[in-house]
Structures are given as C-alpha cells and as structure tokens.
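Could you build the full structure based on these sequences and the hints that come with them?
Chains as they are written, first to last, in my numbering: chain A, 1 to 236; chain Y, 1 to 236.
Keep in mind the hints are simulated off the structure, nothing from the lab.
Please read these numbers as outputs of a predicted model, since none were measured by experiment.
This list has only true hints and no planted wrong ones.
Intra- or inter-copy, both count: the list cannot distinguish identical chains.
The list that follows gives simulated cross-link-like pairs (lysine to any residue, SDA-like), each with its CA atoms no further than 25 angstroms apart:
| # | residue 1 | residue 2 |
| --- | --- | --- |
| 1 | Lys176 | Phe155 |
| 2 | Lys70 | Gly83 |
| 3 | Lys61 | Leu45 |
| 4 | Lys61 | His44 |
| 5 | Lys188 | Asn35 |
| 6 | Lys188 | Asn82 |
| 7 | Lys188 | His203 |
| 8 | Lys188 | Leu76 |
| 9 | Lys89 | Thr134 |
| 10 | Lys89 | Gln8 |
| 11 | Lys188 | Thr126 |
| 12 | Lys61 | Ser111 |
| 13 | Lys89 | Ser33 |
| 14 | Lys70 | Lys89 |
| 15 | Lys188 | Phe86 |
| 16 | Lys89 | Phe187 |
| 17 | Lys12 | Arg232 |
| 18 | Lys89 | Ile78 |
| 19 | Lys188 | Arg212 |
| 20 | Lys12 | Ser22 |
| 21 | Lys61 | Glu108 |
| 22 | Lys12 | Lys89 |
| 23 | Lys70 | Trp161 |
| 24 | Lys188 | Ile36 |
| 25 | Lys188 | Asn88 |
| 26 | Lys188 | Ala91 |
| 27 | Lys61 | Pro112 |
2 protein chains.
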Amino acid sequence: MKSGVRHQLAEKMAGEITLSDSPGQALKKWRQSFNIPQGLLAEHLEVSPSVISDYESGRRKSPGTAIVGKIVDTILSIDEDNGGRFINKFAKILYSEFDEDVIYDIHEYASPVALSDFAGVIGATTLCGPMDQTVYGYTVINSLNAILQLSSSEFNRIYGWSTERALIFTEVSTGKSPMVAIRVTPFKPRCVVLQGISPGEVHPLIPGLAERDRITVLCTEVDVETIISSLRGKSW
Amino acid sequence: MKSGVRHQLAEKMAGEITLSDSPGQALKKWRQSFNIPQGLLAEHLEVSPSVISDYESGRRKSPGTAIVGKIVDTILSIDEDNGGRFINKFAKILYSEFDEDVIYDIHEYASPVALSDFAGVIGATTLCGPMDQTVYGYTVINSLNAILQLSSSEFNRIYGWSTERALIFTEVSTGKSPMVAIRVTPFKPRCVVLQGISPGEVHPLIPGLAERDRITVLCTEVDVETIISSLRGKSW
DNA sequence: GTGAATCTTCGTGAAATGTCGATGAGGCAT
DNA sequence: ATGCCTCATCGACATTTCACGAAGATTCAC
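Listed below in structure tokens is the structure:
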C-alpha cells in the first residue's frame, strides 16, 4: 500500500530526528538522502533559506515538533512530486512483498478514536459487544490470504503497534475463521469488523467467541476500497 | 536483541508524537499505555507534575525535540526498572522471532560516521577499497543463518533504513558467500566487514567482487560479543 | 464525606525558538 | 576570474517554550 509507506517513513524520520543528540544533523542527513537542496526545501516551506541552515547547523538545539513535522512532510512531498524516487527506494528496502496481499492497510492513531465514530465512517452496524470503547488504530486484512500465507508468529504483525485496534477482515463468508484465529492467538483486538457480509449471514458461533475475549464485532457491506479511502482521509 | 527493541520503540514513539497534530495527546497515549501516572513521570524527570499536564493538555503546542526525547526515554526507563513488562509486550508484537538468529544487531546513525573511526572501534584492518568514506549505520549478521533462512526479499531487511552502512558478517570461513550474495542483490552497502578471519585467509576472489560494486572490505578477528558491545556504547 | 491520588488550569519570568535579511565562504561551471 | 548555486553565520526581535507553584476539579476507596 502506497501511503502506508509514506507514513512509516515519516515516522521513522521524525523519530530519529527527535531522539538525536543533534536534531540539526539528523535533519540534514535526511534532506541530503533525498537529494534536496536547502533552498528548494525553504521555498516549499515558504521560509528563507537561512532558516533551514540555522536548524541544520544547530543554532536551534531543540526545534519544536511542529517544524520537524513540517520539514519531514515537505521533504516527502517534494520527492512525491518528483515521482517518489527515494520514497520507493526506502519502501523496497523495507517491505517483504508478502504484506501486499495480506495487509491492505495498517494505521495507528496518536489519540483514541471512539468506536461509534469509527463504525460510522466505515458504514458498519453492531453485531455484538459494547460500543462505548475506543481504538488506537486499525488493520485491513485479506482474510483468505492471511490464513494461507501467515505463519503464527507473522500473524502478530497484523496488530501493528497496539492491540487496542479494529481488525477489519475483508470478504469473509461467515466470519468464523477470523474469530477462531483470534481465539487461539495470544493478542486480542478491541474490535473485529467483518466486511462483505450482512448481520444475518454471520456464523451463529461468533457472539460466543467474541464474548470470551470481550471483543466488539461489527459488520459492513461497504466495499474494501471505499473503506480504506474513508479511513485514510479522516483526521478525527 | 534486547536494546535494539528499546531503540526502535523509542523511535516509533518519538516519531508518532512529533508528527501528531496534538503532540500532547500522543504523549499522553504513550504514558498511559505504559501505565505510568503523571506524578511518577514528573518525579523521574525532576520536574513538577504540572509540567507534564501542561504538555499533555496542549498548552505547549510544539514541544522541542529535547523534552520529547527525554520523556520518551524516561517512560522506557521506568518500565525497564519494573522489569520491562510493556517493552516486552511491544517487542513480542513487533518481531517475528526468526530475526534473532540472523540479525544480531542493527542500528542507524543520525549523522555520518567516518569509516576509519568505525574500523578502529571494531578492531578491523582494511583488506581492499577506500577508507575515506562514511557510514550511516551497521548490521551484524550471522552469515550461515542468513543464507539458510532468508528468502531473497527478506534479505533486503538487513539493510535497515540505509544502504550506506557496514554489513558485518560473523564467523565467515573465506568470506566468499557473503560477497556473492551482495553481488547478485540489487542493494549495495558501503562496506563489508568479515568477522573471524585474518586478511591472509580471505578468498582470493573477494577484492575483485568488491571492486565491481565499489565496496570497502575489512577484516576483524575480534569476537562478536565484543564488537556488538563496543558499537552499542559509542556516541561518536 | 473525608482523604488520598491523579490530573487540569493558570499567572509568571527567564530562556529559547522561529523568522528575517544581510553578508561571507566554498565549489564548480563557463 | 566571473558568475552561480549551495550553504553557514549573525544580529535583531516577536513569539513560545519551559518550568514553578498555588489552586481547583475528578475520581476512587474507605
């Protein structure tokens, strides 16, 4: 997934810069590894070139999150305008391709999102479990491929960085296998969304399974592409 | 590898906080997910509790990299003092165990490190190639297991976030297989270190292979544990 | 409902950031 | 050597951060 990479790269860059003893040098390293001159960066940021230089040379020892974020985002945007050459390079280095068919999208929120809001955005109705919960992220998973391709240890990767998330399984038939997989696995999500199925078609065992692990189960018949793009556009 | 996880987690946290629209909320999310009260965090940071609250509540809209870094580090340290319960939880979610036998250590620098300094720290001598280069990170790889266990796409993961790095292959016999693997693979490191071998024992083909991809090759007979701990302790 | 623990709000002052524009230094083309 | 591009340095000034401590709000146990 394209924009997943961008986000991960951005986070990596920002993290490294923030933790560095000299954020300036780290900033410089990334700008240079994208082959962008200070001047161009300054232009896109609508500041004078000396500003960039001041940061990189360390005159400002502890730049705020706001500018760090803006700079990282701008570096990435400039590269995107040029066809995303460097972003793709990093993406290739990063990803083993198997993720592509299994994990359609994965994202973390920095602050909690109410489950009811989340359900609204993806057009989901409650099947069972409480709705007064929050989630910190979501993963969209091709259920068939996940079961075919993932080993048990790899299966944990669908949880990203937090188990307090929604797992959206796409094109399920009855929803039984995803729930069984979760049952036998040590980590539990807050919520499971079964995509491509109506509440009536759901396997009768599911409420029982969900109850055991205190998981809320939702259903949606909205198609996968729409779900992904709605979730992406949101800032909550 | 233990401390690799800590570092990666720290980077992830810092990145997320820095990129967040409201760094305060992100900060809060992480503190809470480690189950640490504001007061305790404040105590360890030697500031008054209201400081933490001011950040989390967003009075400071763009906290500097310095405090963000300090807070992240403190959260992690507090958890370590308590036995690292949450760090381990995140580690489990993150890693498929196969890495353990293949990648002994992997690290990125925020700024360039001179190859000659790097060689000095790991007690390596030059076999061929230029020494007036810099690296941005290193990976310590068990050469045998890498070849046995990694698929070609997984092999790319040894590059971490930058190819401008040193790849340290441990316990090589002649050093031929690692160099061949690099030859047939699209990404090239700056430098290859062959561990557990003296310059005289190196396979005669190696200088030729290295020349092709303009890679500097070093040798060291220092043992793996020592190399890893020397590299870890360094701040350059 | 009294206390303890946790967290929020706010006024305040010293210090640092965030920005500009002017100037200077290196490098690499012509 | 004459530009041109890239980058570093610096003084100046408005805006924020950063940290404190006092005081108020919440929540939970007893």
